[in-house]
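**Student:** Sequence:
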Amino acid sequence: MPVVESALTSAPNNSSRNTTSHENQASNISPTVPRSTEWVQQNPQSEESPLALGSNDEQPHNLHIVGPAVTSDNQVLSDYLSSMPSASRGSRIIRPAIGNRSRPVLFTAVQKRPVGLDSNLSFAEERLQLIEKILEPFTSDLVDVYFHKANSCFPLLDEGHFRKQYRENKYAISPALLSGLYAHSITFWNSSPILSRHRRPDGRFIWNLATEAAYSQIHRSPGISTIEALILNIGGREVTALIGNGVLLASSVAMAHSLGLNHSPISWEIPQSEKNLRMKIWWALLIHDKWLSLSHGTPPLISPTLNDVPQPLVETLCGEGSFPEQALNASVYIALIETLSDEIRRVVIRGNNLKIPGAANLRLSYLTVRLLLQRIELEAEKRVRDTGDSRLLNRYMQARRTSEDILILTQELQPEHLADCWLPSSAFAFSTTVSFLLRCALETENSTAGLVQSSSLKIASDLLSALRQHKEKHAWDLGDICLAQHVDVVEKLRAMTPPEDPSAEEVLDFSSFAMAEASYLDQLFPSLWDPLQNVW
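Under this note's numbering, the sequence shown has 60 at position 60, and the numbering climbs by one with no breaks.
Simulated from the structure, these hints should not be mistaken for laboratory data.
Small disclaimer: the values here were computed from a predicted structure and weren't measured.
The beta carbon of each residue, even a glycine, is placed where N, CA and C say it ideally should be.
Take the hints with a grain of salt, since some may be wrong.
Below are the BS3-like pairs computed for lysine-lysine, each with C-alpha atoms no more than 25 Å apart in a straight line [to be verified]:
id, residue 1, residue 2
1, Lys473, Lys382
2, Lys275, Lys170
3, Lys112, Lys133
4, Lys164, Lys149
5, Lys170, Lys355
Ranges of calculated distance between the beta carbons of each label pair, as one might list FRET restraints [to be verified]:
id, residue 1, residue 2, range
6, Thr305, Arg494, 41 to 51 Å
7, Gln414, Ala380, 35 to 45 Å
8, Asp488, Pro60, 47 to 57 Å
9, Pro114, Ser455, 53 to 63 Å
10, Leu306, Pro114, 26 to 36 Å
Go ahead and model the full structure; you've got the sequences and the hints to work with.
**Tutor:** Below, the structure written as structure tokens:
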């Protein structure tokens, strides 16, 4: 049978710490890790490792993966000290299952908190208390909304374990995680029959409180539940916080590497629930890293060659006894990572059956990637073709057709689609689409009359109108960035008046105007910027 061994490290027992305060009750344990994997300090005779890979985040130490060059040295020391039961044990060697040729993985205990930091004060807990005071008496309703709307499309937490712990000992849940869950759920306030009858709290204020709690926990007690809290924060509607989201994502990826989440746990001798937890967190990070990289125009943080976590399966995401609609939701989630089933392919390419939770977001994501590829092809053609070449004009036409598909999708969105789960990166799809359409209009028209009547400018104007309508009628905020950046630009271009005598108008070269001096264009239209331009 495969075994789990322990080696000697400096991991003193911290049982003398005062555990009667309210903060110590609010331990930062991930709600998806069963109690059997925790370090039970009261049982020194336990044969389990004193620190599980998903251990209680309130513990003073954390497990940090050790490089393969050092693993062999520590394994020799572990074998020598295995006959010394009195030795303190704070590291853990995980051997692969029998028949698996992979090398053992060593984790060693490292101290979480900075030396001298008072552990009796928790800023994150204070933020959580303030959030709950604002939301009372609807905190339980927001938990229901989260699992019904968000977690069904973007599975991160184990609903059964979380609800049990929330019901029996809510203060044992990480305050940053619970704060992030509340803030994340406010987006779907009007989707609840109970909550929609009451005034919606200030979501931005609560988001700021949840973000403060997350930053505090990164400093004081980072762990698995901290990564979950950051994922909820990154996946929320604070789409204007580009740098802040980038910092949180980078912190999450760094912690994930430290905890070994980039390694496949399939062959490890740990509970299946812990395997699922580790893989779910890694998949969530991978999705946000790839799509935020596309949206922000920045390099991805996760290297495909430095992780071996397998692709998600419907069975892993849904668990036993799942319903058919849950499996369909999981298929949409899997499509964000890698593959497309036949049914999901029809959703993505044809836009069929957008009633599936997350399907509208997936369709928009597909169109955004298609437009990006067509723009890259257009740039390549411009380097080798003349301005009037038919092949170059065909590239413009293909990209314009994709932009029109984005317009049609936006116009056809119904209230149930707008209230669905959307990745925050979707907000940038509209900005990049309008930016590209304005560029097409300037590069393909050579007169004022042609520019005003350009089909590209017309599509851009219609897209802004659709976003404004969704904002006014349904308070849909994913179009806010696009509206703020491009409304003035489009209105100025459409307000241009061509001369009464078209024959007297001098032929203008708008393409050279648009591309020759970028700083001049920025001065004329200061809100015109395109995050996707950096990915070329």
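**Student:** Does each hint hold? Answer for all of them.
**Tutor:** Now the hints, each set against the structure:
no., hint, verdict
1, Lys473 to Lys382, "42 Å, violated"
2, Lys275 to Lys170, "24 Å, holds"
3, Lys112 to Lys133, "30 Å, violated"
4, Lys164 to Lys149, "19 Å, holds"
5, Lys170 to Lys355, "34 Å, violated"
6, Thr305 to Arg494: 41 to 51 Å, "49 Å, holds"
7, Gln414 to Ala380: 35 to 45 Å, "38 Å, holds"
8, Asp488 to Pro60: 47 to 57 Å, "55 Å, holds"
9, Pro114 to Ser455: 53 to 63 Å, "60 Å, holds"
10, Leu306 to Pro114: 26 to 36 Å, "28 Å, holds"
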